[in-house]
Amino acid sequence: MMDTVRGLDVAWITLVVLTLGSWGLSQGTGLSSISTVAMFAISAFKCELVLTQFMEARRAERRWLRLYRAWIVVVAIILGAAFAT
Amino acid sequence: MGTEQPPFFQKAPGFDGMTRSSTDTDGPSEIHVTNLNRDHPGTSGIWTFVLIDMIVFALLFLVFVSEKQRLPGIFRTSQGELTPSIGLVSTLLLLTSSWAIARAVHHVRSLAERQASLELNIGIVLGLAFVINKFAEYQDKLTQGITPVTNGFFTFYFLITFFHFLHVIGGLMFLGHCRLRMAEELRTPHYSKKLENTALFWHFVDILWLFIFPMLYLTGRP
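Here the protein sequences line up with chains A and B, keeping their order. So the first sequence is numbered by the numbering used here: it starts at 13 and just counts up by one. So the second sequence is numbered by the numbering used here: it starts at 248 and just counts up by one.
Next comes chain B alone, as it looks inside the complex (with noise of 0.2 Å):
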């Protein structure tokens, strides 16, 4: 393809920047058109990406409170250890990052640049902050002497929430790659695409993360 620009940058006659199935392609060229609805957010790729993985954290959830009937008095004592303001914290970090990165993917659809930099910056810092504020309350309870082999509510602790900050260090990666591409393909018709999806990804953990804070840092109290 070199340097030239993709035959898509060219609306084909009859295109209107609409949903073309892979049957309509004529070419290996044409394939970045399919999926390319400017209606639709996100592609039917990352929805059911995002759901398969929801469903595995569902089962995730599923054994936790299975486990936390088989041992009540262990999981109710072991919560008390949790401190709920820092899970607050993190919520809050979690929410207005998803809100700054909604905002931008809005300013990407309307090639508003600035803005839509400046609010991928918001959501970026805000994620990384989130990083840290885990960081900090895992080397909190390791230094405490907790760590994953401590009781069976740890080891589902450590393990939900590590899988979930997996998920914000995966969602922190795309977002920084789409920051870093902005200049360069803001005026391409696969950026707001490519940041809708990554946008849609960031949400679900955010989503996840409403469930995991009341779930394991707000209730079971003594």
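Isolated chain A, as found in the complex (with noise of 0.2 Å):
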């Protein structure tokens, strides 16, 4: 028990840093492509945190982890692609 709180604590602050990290990217004149596939490839392992940490998702069905990472990489391709052309 106290290595799965332990172990959302750690997820949380590391989702907090990468947002700091994003954020930081996002500040100054203009957005290379580069910097731009870098914040969509950082929400997308956010997203996987909050996946498998606090949805739990690895202890559920496994097509709902496969679908649900599924989401995750088509959307940050969709909008990394979009964003950075």
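Be aware that one or more of the hints could be misleading.
Derived SDA-like pairs: lysine to any residue, alpha-carbon spacing no greater than 20 Å straight-line [stated by the list, open to error]:
(1) B/441 with A/71
(2) B/388 with B/407
(3) B/388 with B/413
(4) B/381 with A/35
(5) B/441 with A/73
(6) B/381 with B/356
(7) B/441 with B/427
(8) B/441 with B/290
(9) B/388 with B/324
Computed beta-carbon distance windows for the label pairs [unchecked claim]:
(10) A/93 with B/330: 19 to 29 Å
(11) B/365 with A/93: 35 to 45 Å
(12) A/73 with B/437: 13 to 23 Å
(13) A/45 with B/437: 43 to 53 Å
(14) B/357 with A/46: 44 to 54 Å
What the hints contain is simulated information worked out from the structure, not anything from laboratory work. All C-beta atoms in this analysis are idealised placements derived from N, C-alpha and C, irrespective of residue type, glycine included.
With the hints as a guide, dock the two chains, each given alone in a separate frame, to form the complex.
Written out as structure tokens, the structure reads:
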């Protein structure tokens, strides 16, 4: 139990740090294509953390983890491609 | 059923708390047992519902980016009117609320009522702070004369954020219900499942915002 709660705490700290990192990337004049792609890749990784740590998707039926991961990857690719060009 | 304890409180012979299919049930009173698999977070119903909702949002995002390709200048200029720090605060509020609710789920499972109620309170208060922040942002935009009909970008800005906002309100109502029923229902087998379902919906609202934040607030600046 303690390990699980600690895992949630570590995930939350990681999510906060990555959010601040994304925000930092956006500051300044204009975003390069690489920065834009990196920003959506960070978003996808944050969603993966929420999915596996907060939603405990690894304990759910395997199809849910696959389907939700597929959604995250597809949305990240669509947005990354649209904003990087 | 009256005030009597429902049959599922008394473990039936051979029932191990795992999922039983509807064909296993002997009568209407045992329907409650279905989907009470303790090892599976939430029920299949909520996972399905959330997935359908995610697909709707994905389509909305797709229309947004196709409009962005059509009107790149308007989208880039209008995006510059948004304040990234407001989006940042919203993100941190939702992430921290989600974390508190995830902790509450674990403490409800171990019947740690005091800890769980504190975490549910924190999660709800942070959710309400998100609502206030969003209201302030809408008010700021409307005061500047920016409305959903200002241009294509702001139509999508209001549409996507308001649709998401409605999900936040819905999630807060469910969380509030779980908080109010905790003292009475904590020790019943369906309470943790109810909170898990609500928490899954709340985390999904968080996941949506994790893409909305960069899409609207962080990218496309000149």
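Tested hints:
1. B/441 with A/71: 17 Å, holds
2. B/388 with B/407: Roughly 15 Å separates the two Cα atoms, so the pair holds.
3. B/388 with B/413: 19 Å, holds
4. B/381 with A/35: 18 Å, holds
5. B/441 with A/73: 18 Å, holds
6. B/381 with B/356: 33 Å, violated
7. B/441 with B/427: 13 Å, holds
8. B/441 with B/290: Satisfied, since the Cα-Cα distance of roughly 9 Å is no more than 20 Å.
9. B/388 with B/324: Satisfied, since the Cα-Cα distance of roughly 15 Å is no more than 20 Å.
10. A/93 with B/330: 19 to 29 Å: Cβ of residue 93 of chain A to Cβ of residue 330 of chain B: about 26 Å, so the range 19 to 29 Å holds.
11. B/365 with A/93: 35 to 45 Å: Cβ of residue 365 of chain B to Cβ of residue 93 of chain A: about 43 Å, so the range 35 to 45 Å holds.
12. A/73 with B/437: 13 to 23 Å: 20 Å, holds
13. A/45 with B/437: 43 to 53 Å: 50 Å Cβ-Cβ, so the 43 to 53 Å window holds.
14. B/357 with A/46: 44 to 54 Å: Distance hint for residue 357 of chain B, residue 46 of chain A holds at roughly 45 Å.
In this structure, the one hint that does not hold is number 6.
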